[in-house]
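Visitor: The residues making up each chain are set out below.
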Amino acid sequence: MSRRPYIRKVQRTWWLGHRRYVVYMLRELTSLFVGLYCAVLTVGLIRLAQGAAAWSAFLDALSSPASVALQLVCLAFAVFHSVTWFALTPKAMVLTLRGAPVPAKAIVGAHYGVWAAVSLIVLIAAGA
Amino acid sequence: MSENVTLEVLRYRPESDSEPQFQRYSVPFHDDWVVLDALNYIKDHLDSTLSFRWSCHMAICGSCGMMINGEPRLACHAFLRDYRDAVIRIEPLDHFPIERDLVTVMDGFMDKLASVKPYLITNGKTPPQAVENLQTPLQLMAFKQYTLCINCMLCYAACPQCGLDESFVGPAALALAHRYNLDSRDHGQAQRADVVASNEGIWECTFAGACSEVCPKQVDPAAAIQQTKISASLDWFKARLMPGAQ
Chain A
531 MSRRPYIRKV QRTWWLGHRR YVVYMLRELT SLFVGLYCAV LTVGLIRLAQ GAAAWSAFLD
591 ALSSPASVAL QLVCLAFAVF HSVTWFALTP KAMVLTLRGA PVPAKAIVGA HYGVWAAVSL
651 IVLIAAGA
Chain B
178 MSENVTLEVL RYRPESDSEP QFQRYSVPFH DDWVVLDALN YIKDHLDSTL SFRWSCHMAI
238 CGSCGMMING EPRLACHAFL RDYRDAVIRI EPLDHFPIER DLVTVMDGFM DKLASVKPYL
298 ITNGKTPPQA VENLQTPLQL MAFKQYTLCI NCMLCYAACP QCGLDESFVG PAALALAHRY
358 NLDSRDHGQA QRADVVASNE GIWECTFAGA CSEVCPKQVD PAAAIQQTKI SASLDWFKAR
418 LMPGAQ
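The listed protein sequences derive, respectively, from chains A and B. Under the working numbering, the letters of the first sequence match residues 531 to 658, in that order. Under the working numbering, the letters of the second sequence match residues 178 to 423, in that order.
Just so you know, these hints were derived from the structure itself, not from any lab. Owing to the predicted nature of the structure, the values given are computational and were not obtained by experimental measurement. Please note that a few of the clues may not be correct.
[Claimed, not checked] Each pair of labels, with its calculated beta carbon distance range: (1) B:L315 x A:L546: 54 to 64 Å; (2) B:L418 x A:L625: 19 to 29 Å; (3) B:A367 x A:R549: 37 to 47 Å; (4) B:K394 x A:L546: 52 to 62 Å; (5) B:Q368 x A:S593: 56 to 66 Å; (6) B:P420 x A:S532: 46 to 56 Å; (7) B:W413 x A:W544: 42 to 52 Å; (8) B:D209 x A:L559: 15 to 25 Å.
[Said to hold, decoys possible] Covered, in the sense of this in silico footprint (three residues per stretch, anywhere, with C-beta under 8 Å from a C-beta of chain A), are these stretches of chain B: (9) 225-239; (10) 300-307; (11) 364-376; (12) 394-407.
Quick reminder that beta carbons are idealized off the backbone N, C-alpha and C, glycines included.
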C-alpha cells in the first residue's frame, strides 16, 4: 500500500491557544511601540534643530491628553519589552566565575542594575 | 465502582480516511498509570488498530512524544492523575505530517539532524595517534547538557517557527550542532556553519523559548541557539575585520 501522509495546516490563530504563545506575540508586538517612540524622539530632535518656537510647539503637542495616553501605552510596552528580554539574557550569556557558572538570577539582576544606573545618569544629566 | 477516564484520540487511517477524526475510548483509571499505559490498554483490550510509537516507558527512548491536551509531552511521562477531571485529548505531534493515527513522519527531522554533522570532526593532528583525547571536567561541563537530547521532537512540536517554515533546521538539531561545536576535541565548527548559520538555521529562530519549556531532559535548545547566534555574529565580524585570521 502506498503512503498517504496527512499534513495539517497551521491556523492563523495558532498563538491564541496557549498563554505561552500569547505572551510571545505580545513581546514581539512591543517592538512596534518601541519603534514608534523612537520616531517621536527623532521628530523631537528635528524640531529642536529648527529653533525655540518649533521645540516649544513639539513640547505642547507631547502634553496633549491623546499624546500622553500614547506615551503611557508606549511606556507599558517598553517595560514589558525590557522585562521579558532581561529574563531571557541568561540563555544567551554563558558566564563562569572561578570555574563555576554564574547563576541566572545574577545575570538578570546585573541587567536591572545597569538599567537603574543608566537611568540615574540620564536623570542627573537632564537636571531632574 | 472503579473509575474510568475518557481519551479522545485523533485517528487517521490513510487507506480509508480523507482527514483525521477524533475517536473516544473509556479506559480504567489507575493512580500510577501514565497516558502510555492507557493507550496500551486501548490497543490490548478495546481497539487493536490504534497505532502509536513507544519503546522504553521511562523517558529515555524519545519515541512516545504526542500532543496531550495541546501540549507536547512524552506519553510515558504524563500521569493520568494530572488530567483525570476532563476528557484527555491525544493528538500526534504538531508540525509533522501524520503517517497513521499518532505516528508522525520523521524523515524531515532525520535529514535535518544529519545536516549539522552531529559527530566529532577532528583535525587529524590533536591528539597524536595512539594517545588519549583528554578532556577536563570544565571542558565537559561546557557542553554536557546538550548531550542529553533524546530526539523526542517535542521541541519541534512546540516551536512556532517549525510550524510556519518547514525548512527551519529546528531546536534539537541546532542544539546538537552546538554540543559538538563546544566540544574541546572537535574542529568541525566551520563545516557545520553552512547549515547552522544559514537563514534556515539559527536566524530562523525568533526566541519564542517554547522548545526549552517542553524539553523533558532540560537540554535548553533555546539557549544553544542564542549562544550560536552570538558566536556566528562574532565569526562574521572577525572574517571581515581580520581576513585570513582563524
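Visitor: Each of the hints needs a verdict: does it hold here or not?
Guide: Structure-based check of each hint:
1. B:L315 x A:L546: 54 to 64 Å: About 45 Å separates the Cβ atoms of L315 (chain B) and L546 (chain A), which means 54 to 64 Å is violated.
2. B:L418 x A:L625: 19 to 29 Å: holds, 24 Å
3. B:A367 x A:R549: 37 to 47 Å: Once the Cβ atoms are compared, 41 Å apart, the range 37 to 47 Å for R549 (chain A) and A367 (chain B) holds.
4. B:K394 x A:L546: 52 to 62 Å: Distance hint for K394 (chain B), L546 (chain A) is violated at roughly 29 Å.
5. B:Q368 x A:S593: 56 to 66 Å: holds, 59 Å
6. B:P420 x A:S532: 46 to 56 Å: This hint holds: roughly 53 Å between Cβ atoms.
7. B:W413 x A:W544: 42 to 52 Å: violated, 32 Å
8. B:D209 x A:L559: 15 to 25 Å: Check failed, 44 Å falls outside 15 to 25 Å.
9. 225-239: It is violated: at least three residues are needed, and the stretch 225-239 of chain B offers just 0 whose Cβ sits closer than 8 Å to chain A.
10. 300-307: Violated - the stretch 300-307 of chain B has 0 residues with a Cβ nearer than 8 Å to chain A, which falls short of three.
11. 364-376: violated (count 0)
12. 394-407: Check passed, 7 qualifying residues.
Checked against the numbered hints above, the structure violates hints 1, 4, 7, 8, 9, 10, 11; every other hint is satisfied.
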